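A.B. asks: Okay, here's what each chain looks like letter by letter:
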Amino acid sequence: MSKYVLRFTALGYLTLLLMVPVGFVFYRAFGDGFGHAWDAVTTDRAVHALELTLLLTAITVPANTIVGVILALALVRGRFPGRGLLNAVVDLPLALSPVVVGLALYLLYGRGGWLGGLAGHGVKVLFAVPGMVLATMFVSLPFVVREVVPVLREIGTDQEQAAETLGAGPFQVFRRITLPAIRWAVAYGVVLTTARAIGEFGAVSIVSGRIEGKTETLPIYVQSQYAFDFNTSGAYAASVVLALIAIATVVGLRVFQPKQEVG
Amino acid sequence: MGIAVVDVTKSFGDFAALKDVSVAIPEGSLTALLGPSGSGKSTLLRVIAGLEQPDSGQVLIGDEDVTQRPARTRGVGMVFQHYAAFKHMTVQDNVAFGLAIRKRPRAEIRARVHELLELVQLEGLAKRYPAQLSGGQRQRMALARALAVEPSVLLLDEPFGALDARVRKELRAWLRRLHDEVHVTTIIVTHDQEEAMEVAGQIVVLNEGRVEQVGSPRELYDEPANEFVMSFVGPVNRVGDTFVRPHDVQLLLEPEAGAAEAMIERVVHLGFEVRVELVRDDGQHLLVQLTQEEAEQLELERGQIVYVRASRETVFSAR
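These protein sequences, in sequence, are chains A and B. Residue numbers for the first sequence follow the working numbering, beginning at 1 and rising by one. Residue numbers for the second sequence follow the working numbering, beginning at 1001 and rising by one.
Honestly, I wouldn't trust all of these hints.
A few chain B residues that face chain A, going by a derived Cβ cut-off under 8 angstroms, partial list only [stated by the list, open to error]:
1) M1078
2) A1084
3) T1242
4) F1243
5) A1257
Looking from chain B toward chain A, a few residues come up when the C-beta cut is under 10 angstroms (computed) [unchecked claim]:
6) V1066
7) P1070
8) A1071
9) V1076
10) H1088
11) M1089
12) A1100
13) R1145
14) A1148
Quick caveat, the hints were computed from the structure, so don't treat them as lab data. Please read these numbers as outputs of a predicted model, since none were measured by experiment. Even for Gly, the Cβ is constructed at its ideal location relative to N, Cα and C.
Construct all of the structure, not just a fragment, from the sequences and the given hints.
C.D. replies: Listed below in structure tokens is the structure:
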């Protein structure tokens, strides 16, 4: 009996909190027919926004994956002063409101900021792709690190040391032992990073300047359509695209992940 | 190849794990590093393997000073307490690892892996993953993996420590036979004196980072160098400054000159061996080991008064 109560509560909670709102977006997007929704997301402006979002994701995810694995190794295996501080700093993007992140970058690279002079040398950071990449990387940094750290702790160093005594150099140890051991943690971190990079709004919204057809990402486009252009069906249709990318990412992981990881 | 450890010192922060340790391991021997936890035995093994760098001193394998060489070029095979199995690889890939790293031809690797799996009696399990093996099987796989690269030295760090008592006993006997076949210089770290005495030809007793004694199991037991070795290598009764092994205590039913009165507190039947716990009239507790036959003749029972004297005792001069 209590089993059913538990199940019902969990399902009910998920339904109310997640399924109903997302389902409603789908419903409204296709409310005026599929053709209408298709037209809404194939305008030049919408396509550009999608391309820009995918570009940001394509840069951010590999960069944060590599840096994330290195950071995780440093946090778990490293013995250096300031490790505790680094550990706390890695979590900062989770604690900090994205709007604050955007504002910080704005102040740093804006006129009068420490790095504001870059603009004068032809390096345009604010209101351009570089700034948006920085903002996206900042907010999505912790995911790979946080997924990989506990797995690294759990596997310990025995396997790596065994490989070492068997003649493997540091790179071989990493490629043949460490990486396979953490691969599903990395994959899950990549999924979370991707989801965050695609969906990021607050920080990117501030540093991008929201220039139509130039620095407008898909989430920003959705909000513009909804709030300023009163094109609600366009906003819903674009939202569906965002949701579909997210669902595809998660489903992709589930498909490729073996049902039961051996070991 | 033989191994020589010369004046090795190693500290971890404030903790001195090894203090000026020198040990010679003869070629082809099976040597046990025996000591309680924290005695430095594992650290010594890891220094020999190259997994720890000593603060000072040297490690020689054969005639070569390998102190500055990384573990991967020392030609050692190492087996860890918790198996260190490569979980994402099959048994045969685990065993083949060292050969694959050395880029040996595929046919040679296959033949060698097959031969080794036969040696460790895992022929049928080549395609399994470590998670599908028992602890004893995993450790045999780890041993085959270490032997695959034909190491000049085999290092075993508490290899049977995580296994249950029965499997542990089986594997000890098996290791002994394996060493007779393979003849590679082997060092086994253990805190279990029985294990050390059963498998090793030479035992190095370590305590608090120092070598207390080096000798054959028999030498350690019969001629312990000091109190620590005496009490670590087998059970012992201590009466003042005198040490008596439990089997060197005689039990008499009638008083005799030189025998002290004692009361039986407990009689434990362990099959062939019977242990008797006594308390002497001066409050001193004693442990006595008898054969079942001796115990039956004396008809010992709890509360009974007997008379005890030592047939053999040891006194160490102050260190």
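A.B. asks: If a hint holds in the structure, say so; if it does not, say that too.
C.D. replies: Consistency of the hints with the structure:
1. Taking 8 angstroms as the C-beta cut-off, the interface hint given for M1078(B) holds, the closest approach to chain A being about 4 angstroms.
2. Given hint, A1084(B) at the interface with chain A, holds; its Cβ is 4 angstroms from that chain's nearest Cβ, closer than 8 angstroms.
3. At its closest, the beta carbon of T1242(B) sits 45 angstroms from a beta carbon of chain A; the interface hint therefore is violated under the 8 angstroms criterion.
4. Evaluation of the F1243(B) hint against chain A yields a violated restraint, the C-beta minimum of about 39 angstroms exceeding 8 angstroms.
5. Nearest Cβ of chain A to the Cβ of A1257(B): about 60 angstroms, over the 8 angstroms cut. The hint is violated.
6. Evaluation of the V1066(B) hint against chain A yields a violated restraint, the C-beta minimum of about 13 angstroms exceeding 10 angstroms.
7. Satisfaction of the interface hint for P1070(B) is found here, the shortest Cβ-Cβ separation to chain A being roughly 8 angstroms, below the 10 angstroms cut-off.
8. Taking 10 angstroms as the C-beta cut-off, the interface hint given for A1071(B) holds, the closest approach to chain A being about 5 angstroms.
9. Given hint, V1076(B) at the interface with chain A, holds; its Cβ is 6 angstroms from that chain's nearest Cβ, closer than 10 angstroms.
10. A hinted interface residue such as H1088(B) counts as satisfied when its beta carbon comes closer than 10 angstroms to some beta carbon of chain A; here the least separation is about 4 angstroms, so the hint holds.
11. Restraint check, M1089(B) versus chain A: the minimum CB separation of about 8 angstroms is within 10 angstroms; hint holds.
12. With a least beta-carbon distance of about 8 angstroms to chain A, the hint placing A1100(B) at the interface is held under the 10 angstroms criterion.
13. The closest approach between the C-beta of R1145(B) and any C-beta of chain A is roughly 7 angstroms, which is under the 10 angstroms cut-off, so the hint is satisfied.
14. Hint status for A1148(B): holds, given a least beta-carbon distance of 8 angstroms to chain A, under 10 angstroms.
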